[in-house]
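Enquirer: Residue numbers for the sequence shown, in this note's numbering: 8 to 321.
Honestly, the hints are just simulated from the structure, not real lab data. Just so you know, even glycine gets a beta-carbon here, dropped at the ideal spot from N, CA and C. Incorrect hints may have been included.
[Claimed, not checked] Simulated pairs of lysine to any residue, SDA-like, Cα-Cα distance not exceeding 20 Å:
| id | residue 1 | residue 2 |
| --- | --- | --- |
| 1 | Lys137 | Gly77 |
| 2 | Lys66 | Gly77 |
| 3 | Lys14 | Val303 |
| 4 | Lys137 | Met34 |
| 5 | Lys137 | Ser148 |
| 6 | Lys242 | Ala309 |
| 7 | Lys242 | Gln219 |
| 8 | Lys66 | Met34 |
| 9 | Lys242 | Val311 |
| 10 | Lys66 | Ile29 |
| 11 | Lys228 | Phe241 |
| 12 | Lys66 | Glu53 |
| 13 | Lys242 | Ser231 |
[Claimed, not checked] Using C-beta positions, here's what the derived DEER-type ranges look like:
| id | residue 1 | residue 2 | range |
| --- | --- | --- | --- |
| 14 | Leu187 | Pro38 | 41 to 47 Å |
| 15 | Val280 | Thr224 | 39 to 45 Å |
| 16 | Thr51 | Ile166 | 52 to 58 Å |
| 17 | Ile166 | Ile33 | 38 to 44 Å |
| 18 | Gly25 | Lys165 | 44 to 50 Å |
| 19 | Leu315 | Val138 | 30 to 36 Å |
| 20 | Gly133 | Gly82 | 52 to 58 Å |
| 21 | Val280 | Ile20 | 26 to 32 Å |
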Amino acid sequence: MAAYIAKRLLAAIPVLFGLSIIVFLIMAMIPGDPATAILGSYATPENVARINADLGLDKPLPQQYLIWLGNLLQGDLGRSYALNRPVLDEVLERFSATLTLAGTALVLCSILGLLAGVVSAVRQYGLADKVITVLVLIGISIPSFWLGLLLILAFAVKIRLFPASGMYAIYGGGDLPDLLHHLFLPALTLAVVATGVIARLTRTAMLEVLRQDYIRTARAKGLSERRVIYRHAFKAALVSVIPVIGIQAGFVLGGAVYIETVFQWPGIGSMLVNAISTRDLLLVQGGVLVVAAAYVLFNLAADVVQTLLDPRLR
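Using the sequences plus the hints, can you model the full thing?
Expert: In structure tokens, the structure reads:
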């Protein structure tokens, strides 16, 4: 297993390298002068020239990338001009908030999706299966940002049961109950689409497993239906669903960008939106790379869990 993990980590290096090139080129092709955007009303020719020299923007593009990559390999993501602080410090601080939101949404969608998929498969063509199918299709079809606005309108404005924005209360709070109170709506919004995807694939995997001969043998031996479903069928179906959960972890992490904007969650998504608007190149590049690295690690963890569950892969 250690050799397998090391092999997957080595395979992730070219992926991250390619992502660094793509992120760098995309930011370099954005129209406008970053130095002018940073300086604003102080954008005199002398100040613009100084900022370009500090950022290395006066050098050829390949040389700019090599300088940035060399600093990156040393753990230096540069300094944010807009925030006047190291990029790494800002990214790690914001990423902890994003990880809290995305992790909660991932746990929520995994539990709800697996449960809905199993119930839908066991009650195939029954009332529960039809209700779950309709709810799943609605959940997948609704845009997450629009659903977030509806939840804010319903539960924050009309009922006033949950707060509409922020991670903690402005006055007081700051403890775990306060965090959970603010976390419910954005986590639920972020989890809806992934829940639908996991539920549909769990249902398909369960139906395929339930048709296998060893399931019929288990029933013929007199095992209870609950034990057949959850001890044998669900464990076998979970092997096929785990990679899907890993992929959905990436989508949940990426979806946090606009969900954080809707709910004013102080995570890396809202940071990237502000950094792009101010042309803070180093902050955008650092934030995207951290999110991409987290996505790769999520998929690695999903592959490891799948390998542990399925002896055939070992």
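Enquirer: Hints first: check each against the structure and report whether it holds.
Expert: Structure-based check of all given hints:
Restraint check for Lys137 and Gly77: the C-alpha separation of about 56 Å exceeds 20 Å, so the hint is violated. Between Lys66 and Gly77 the alpha-carbon distance is near 15 Å, which keeps this suggested pair within the 20 Å criterion. The suggested pairing of Lys14 with Val303 holds, with an alpha-carbon distance near 13 Å, which does not exceed 20 Å. The hinted pair formed by Lys137 and Met34 fails the criterion: a straight-line CA distance of about 47 Å is larger than 20 Å.
Of the supplied pair hints, the one linking Lys137 and Ser148 holds, its CA atoms being roughly 17 Å apart against a limit of 20 Å. Taken as a hint, the Lys242 and Ala309 pair is honoured in the structure, with Cα atoms around 15 Å apart against an allowance of 20 Å. For the hint linking Lys242 to Gln219, the alpha-carbon distance of about 13 Å falls within 20 Å, and the restraint holds. With a CA separation close to 15 Å, the supplied pair Lys66 and Met34 stays within the 20 Å bound.
Among the hinted pairs, Lys242 with Val311 is consistent with the structure: their alpha-carbon atoms are about 16 Å apart, no more than 20 Å. Between Lys66 and Ile29 the CA atoms are separated by roughly 19 Å; this keeps the pair inside 20 Å, and the hint holds. For the hint pairing Lys228 with Phe241, the CA-to-CA distance comes to about 18 Å; that is within 20 Å, so the pair holds. Of the supplied pair hints, the one linking Lys66 and Glu53 holds, its CA atoms being roughly 17 Å apart against a limit of 20 Å.
Distance check on the hinted pair: Lys242 and Ser231 sit about 16 Å apart at the alpha-carbon level, within 20 Å; holds. For the hinted restraint 41 to 47 Å between Leu187 and Pro38, the CB-CB distance of approximately 43 Å keeps it satisfied. Range check, Val280 to Thr224: about 56 Å between beta-carbon atoms, so the 39 to 45 Å window is missed. Separation of Thr51 from Ile166 is about 53 Å and conforms to the stated range, judged on CB atoms against 52 to 58 Å.
With their beta carbons about 42 Å apart, Ile166 and Ile33 fall inside the hinted range of 38 to 44 Å. Hint check: Gly25 to Lys165, Cβ distance near 47 Å, so the stated range 44 to 50 Å holds. At about 34 Å, the beta-carbon gap between Leu315 and Val138 stays in the expected band of 30 to 36 Å. A beta carbon spacing of about 56 Å between Gly133 and Gly82 agrees with the range 52 to 58 Å that was offered as a hint.
For the hinted restraint 26 to 32 Å between Val280 and Ile20, the CB-CB distance of approximately 29 Å keeps it satisfied.
In summary, the structure is inconsistent with hints 1, 4 and 15 from the numbered list given earlier, while agreeing with the others.
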